[in-house]
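Enquirer: Top line first, the protein sequences correspond to chains U and S. Each residue of the first sequence is one higher than the one before, starting from 6 at the first, in the working numbering. Each residue of the second sequence is one higher than the one before, starting from 17 at the first, in the working numbering.
Honestly, the hints are just simulated from the structure, not real lab data. For clarity, every value in this text was computed on a predicted model and none was experimentally measured. Even for Gly, the Cβ is constructed at its ideal location relative to N, Cα and C. Certain hints may be false.
Unchecked claim - Listed next, with one range per pair, are the computed distances between beta-carbon atoms: (1) S:L84 to U:P26: 19 to 29 Å; (2) S:E118 to U:T77: 18 to 28 Å; (3) S:V19 to U:R21: 43 to 53 Å; (4) U:S46 to S:D43: 37 to 47 Å; (5) S:T47 to U:H45: 23 to 33 Å; (6) U:T61 to S:G32: 44 to 54 Å; (7) U:L56 to S:C29: 20 to 30 Å.
Claimed, not checked - Chain U regions said to be covered by chain S (calculated; three or more residues, Cβ under 8 Å): (8) 66 to 76; (9) 104 to 112.
Claimed, not checked - Far from chain S by the CB rule (all over 12 Å, computed), these chain U residues: (10) C17; (11) P81; (12) I94.
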Amino acid sequence: DAKTTQPTSMDCAEGRAANLPCNHSTISGNEYVYWYRQIHSQGPQYIIHGLKNNETNEMASLIITEDRKSSTLILPHATLRDTAVYYCIVRPPTGANNLFFGTGTRLTVIP
Amino acid sequence: GAVVSQHPSRVICKSGTSVKIECRSLDFQATTMFWYRQFPKQSLMLMATSNEGSKATYEQGVEKDKFLINHASLTLSTLTVTSAHPEDSSFYICSAHRDPTEAFFGQGTRLTVV
Chain U
6 DAKTTQPTSM DCAEGRAANL PCNHSTISGN EYVYWYRQIH SQGPQYIIHG
56 LKNNETNEMA SLIITEDRKS STLILPHATL RDTAVYYCIV RPPTGANNLF
106 FGTGTRLTVI P
Chain S
17 GAVVSQHPSR VICKSGTSVK IECRSLDFQA TTMFWYRQFP KQSLMLMATS
67 NEGSKATYEQ GVEKDKFLIN HASLTLSTLT VTSAHPEDSS FYICSAHRDP
117 TEAFFGQGTR LTVV
């Protein structure tokens, strides 16, 4: 069962920041928040993950609320190549367990 | 970074034939790999967990005799779709974990059964 809820779709103007929200109100204390994206007809691509602190890498930033019940993925300067389905996933840190993919958010970057 | 390679990327086969899809972890060993299936405009659905040196674990509703999984080495898992039918046409994706926190996905295989 999905432990996350995301908007079905979003649009973002090219060059602007894309802010993708995710609700995970039932997240457990040891579960991480992961973000993946899937560009059409490709396998999912890892973006970022975090536990409670905000995280940043070369692709994106992840902002997790203090109560950990929601998070936001930020693509600081969206490009057309960022058009994809973005998946927010929660999972425990141990065990090579599979990832459960919900419906994700279809982000369309508009020129 | 770690790479998971999947082959072939596309395959078209005749109904009734079998198709083998390979999933390789290129720079790390994976005792466990996962096979997903994705129908058009739907999300990824886990089909089975491939375990090196032992039998795969299949999700409910997935026929183990139809989707044969072999994980003979720490870097290779194969999925064979036997006696394929048009309803098996789908996008098949594998994944492997370099460590418990990092999952990497193959490029996917688009199977079309005609």
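Enquirer: Is it the case that U:I94 keeps its Cβ farther than 12 Å from each residue Cβ in chain S?
Expert: violated (9 Å)
Enquirer: Are S:V19 and U:R21 spaced within 43 to 53 Å by their CB atoms?
Expert: violated (31 Å)
Enquirer: Could you see if the CB distance from U:L56 to S:C29 stays within 20 to 30 Å?
Expert: Distance hint for U:L56, S:C29 is violated at roughly 44 Å.
Enquirer: Is the hinted range of 44 to 54 Å satisfied by the C-beta distance from U:T61 to S:G32?
Expert: holds (52 Å)
Enquirer: Are there three or more residues in the stretch 104 to 112 of chain U whose C-beta lies closer than 8 Å to some C-beta of chain S?
Expert: holds (count 6)
Enquirer: The hint says 19 to 29 Å between S:L84 and U:P26; measuring C-beta to C-beta, is that right?
Expert: Because 41 Å falls outside the window, the suggested range is violated.
Enquirer: Range hint 18 to 28 Å: satisfied by the CB atoms of S:E118 and U:T77?
Expert: Since S:E118 and U:T77 have Cβ atoms about 22 Å apart, the given range 18 to 28 Å holds.
Enquirer: CB of S:T47 to CB of U:H45, is that within 23 to 33 Å?
Expert: holds (31 Å)
Enquirer: Mind checking, does the stretch 66 to 76 of chain U have 3 or more residues with a CB under 8 Å from chain S?
Expert: It is violated, with 0 qualifying residues against the three required.
Enquirer: Hey, is U:C17 genuinely clear of chain S, shortest beta carbon separation above 12 Å?
Expert: Answer for U:C17: holds, closest chain S Cβ roughly 21 Å.
Enquirer: Can we confirm that no CB of chain S comes within 12 Å of the CB of U:P81?
Expert: At roughly 21 Å from the nearest Cβ of chain S, U:P81 sits farther out than 12 Å, so the non-interface label holds.
Enquirer: With 37 to 47 Å as the target window, see if U:S46 and S:D43 comply at their CB atoms.
Expert: violated (24 Å)
Going through the hint list in order, the structure does not satisfy hints 1, 3, 4, 7, 8, 12.
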